[in-house]
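Heads up: the sequence lines are chains A and B, in that order. Mapping to this note's numbering: the first sequence position 192 is 192, numbers consecutive. Numbers in this note's numbering are just positions in the second sequence, counted from 1, shifted up by 233.
Just to be clear, a hint being listed does not mean it is correct.
Simulated restraints, written as ranges between beta carbons of each label pair [stated by the list, open to error]:
hint : chain 1 : residue 1 : chain 2 : residue 2 : range
1    : B       : 373       : A       : 14        : 52 to 58 Å
2    : A       : 61        : B       : 241       : 57 to 63 Å
3    : B       : 373       : A       : 62        : 38 to 44 Å
4    : B       : 337       : A       : 76        : 39 to 45 Å
5    : A       : 190       : B       : 279       : 43 to 49 Å
6    : B       : 365       : A       : 181       : 24 to 30 Å
7    : A       : 8         : B       : 349       : 24 to 30 Å
8    : A       : 181       : B       : 329       : 57 to 63 Å
9    : B       : 365       : A       : 107       : 34 to 40 Å
10   : B       : 312       : A       : 15        : 41 to 47 Å
11   : B       : 363       : A       : 46        : 40 to 46 Å
12   : A       : 14        : B       : 312       : 42 to 48 Å
13   : B       : 311       : A       : 76        : 31 to 37 Å
14   : A       : 14        : B       : 340       : 55 to 61 Å
Residues from chain B that keep clear of chain A, each with C-beta distances beyond 10 Å, as calculated [what the hints assert, rightly or not]:
hint : residue
15   : 272
16   : 324
17   : 331
18   : 369
Result set (DMTMM-like, lysine to aspartate or glutamate): computed pairs, CA atoms no more than 20 Å apart in a straight line [to be verified]:
hint : chain 1 : residue 1 : chain 2 : residue 2
19   : B       : 290       : A       : 215
20   : A       : 176       : B       : 297
21   : A       : 130       : B       : 331
22   : A       : 96        : B       : 339
23   : A       : 82        : A       : 215
24   : A       : 111       : B       : 297
25   : A       : 107       : B       : 284
26   : A       : 83        : A       : 94
27   : A       : 197       : B       : 328
28   : A       : 107       : B       : 341
29   : B       : 290       : A       : 190
30   : A       : 96        : B       : 294
31   : B       : 262       : A       : 108
32   : A       : 176       : A       : 190
33   : A       : 197       : B       : 331
34   : B       : 290       : A       : 48
35   : A       : 84        : B       : 294
36   : A       : 50        : B       : 294
37   : A       : 82        : A       : 67
38   : A       : 2         : A       : 46
Treat the hints as calculated values from the structure; they're not laboratory data. No residue lacks a Cβ here, since even glycine has one placed at the ideal position from N, Cα and C.
Here are the chains, one letter per residue:
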Amino acid sequence: MKKMVIVSLIILISIALISIIFFFLYWKVYQIPIIGENCSIIVENEGENKVDIVFFTDGVNKNKLNEYANFFLSSEPYVNYKKKFNFFYAGAADCKIMGDFIFCYSKETLKKSSSCPNDYIIVLSNQSSKIRSSSYINLISLNINNPPNVILHEFGHVFANLADEYTPSTIPSGSKNCRKKCSDFNNLEDCFEGCSKSNYQRSSENSLMRISNSDEYKKLNTLLIEERLEKYG
Amino acid sequence: MDKKIYFIFGIIFLILLIIIISADSNLKKEYIFLEISYKNGNFSLINKTLEKGYYPKAIIENYEYKVNVISDNRKVIYSTSFDPVLLFTDSFSNEIIEGGAMRLSETEFYIILPNLRTAEKTEILRIGTGQNGENEKVFEAEIYDVGAESCRIK
């Protein structure tokens with residue numbers, strides 16, 4: 001009787017030990033169980049609480065994904081926070097042309113994005129260069145035939161709630177880069193008239209939230225983006 | 234001797250149970266998917282479903298609207314911020330970007346919420362637009378009953 005108890009005890013201990021070893025060795029696999037079928041990793045950093053970006057494609061070759069991820073991560077200020085970003089790919093998406101812009105936000109795309117960790121979604125679409133890119137809530141619809149820095153401009157909208165610094169546009173509620181008075185900038189930078197509205201002020205002459213041939217957010221916008229990035233691991 | 238053996242058996246059983254539960258909870262990430270329509274300031278629910286997969290992390294920014302999940306003891310257990318009424322379009326054809334953000338008068342959008350065990354309902358608040366500058370509730374929906382597995386009875 002005692003022998004049987006000892007044997008079953010040894011078996012149980014062995015099972016427990018093997019389970020514990022397996023559990024810790026494959027903990028990462030357990031943590032991202034759904035990554036697989038419809039989700040592939042483009043750039044992944046270790047740890048939790050990252051900015052998770054999911055790419056989709058609409059008539060675009062998959063090699064564009066690395067191109068865009070690399071361009072994004074080599075641009076200021078993201079180049080200094082590379083470890084805070086993960087990029088995934090979740091497959092194809094359908095986009096609609098709405099007049100002169102592209103719109104890829106849909107129930108199907110949002111549900112498909114849940115196969116990857118997803119905070120922001122970027123759909124790369126192949127359209128005529130005249131078609132504008134757009135952003136809505138946390139999804140960017142990006143025309144790959146627009147200049148590559150459009151991704152930085154649109155990400156400024158969805159990630160840091162940055163307003164357009166050209167006119168005319170609409171200032172989003174809670175946005176901090178367009179102000180009524182120059183004194184609102186606390187002498188951080190210069191002050192220029194026109195920021196979404198003609199009677200609002202911007203803190204730099206030509207940031208990428210205003211002009212198409214810039215890759216720089218400039219000081220205030222960079223600070224606002226960094227403020228948001230601080231909340232990630 | 235027997236008591237010691239039972240104690241060791243108990244500990245091993247507990248360890249195995251914890252491992253199984255943790256692995257299972259990771260495999261069963263779930264979220265609530267709400268389809269909402271917006272027309273001229275009015276929000277209405279189209280559909281609500283329980284889905285499997287990852288959901289976005291909450292955003293603590295001052296966007297125009299805030300979504301709260303309220304528990305059965307009326308506490309806010311999850312909160313995120315967004316603006317479903319604003320759409321940005323940008324044209325990079327000339328040196329100065331053109332296009333601008335537009336306020337939508339009509340749209341259909343989706344809210345993704347974590348499936349929390351004690352979640353009772355969800356609400357959308359419009360920030361600072363109440364009579365005295367307080368947040369104005371513009372939408373409310375029960376979510377305790379989302380999904381076939383729910384066994385909570387009201």
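*Examine each Cβ of chain A, and state whether all of them lie more than 10 Å from the Cβ of residue 331/B.*
Since the minimum Cβ distance to chain A is about 7 Å, residue 331/B lies within 10 Å and the statement is violated.
*CA of residue 111/A to CA of residue 297/B, is that 20 Å or under?*
violated, 24 Å
_Agreement of residue 82/A and residue 215/A with the hint, judged by alpha carbon distance not exceeding 20 Å_ = Judged against 20 Å, a Cα distance of about 17 Å means the pair holds.
*Would you say the C-beta atoms of residue 8/A and residue 349/B sit inside 24 to 30 Å of each other?*
Distance hint for residue 8/A, residue 349/B is violated at roughly 40 Å.
*asked:* Given a hint of 43 to 49 Å, does the C-beta separation of residue 190/A and residue 279/B actually sit inside it?
replied: holds, 48 Å
_Hint check for residue 107/A and residue 365/B - Cβ pair distance inside 34 to 40 Å_ = Once the Cβ atoms are compared, 37 Å apart, the range 34 to 40 Å for residue 107/A and residue 365/B holds.
*Return holds or violated for the Cβ distance of residue 365/B and residue 181/A against the range 24 to 30 Å.*
Because 26 Å falls inside the window, the suggested range holds.
*Would the pair residue 197/A and residue 328/B pass a check requiring their Cα atoms to be no farther apart than 20 Å?*
Status holds; Cα separation ~18 Å.
*Taking the beta carbons of residue 373/B and residue 62/A, is their distance inside 38 to 44 Å?*
holds, 43 Å
*Assess, step by step, whether the Cα of residue 82/A is no farther than 20 Å from the Cα of residue 67/A, and give holds or violated.*
holds, 15 Å
_Straight-line alpha-carbon gap residue 96/A to residue 294/B, limit 20 Å_ = violated, 29 Å
*Cβ separation check - residue 369/B to all of chain A, threshold 10 Å*: Nearest chain A Cβ is 13 Å from residue 369/B, so the label holds.
Checked against the numbered hints above, the structure breaks hints 4, 7, 8, 16, 17, 19, 24, 26, 29, 30 and 38 and satisfies the rest.
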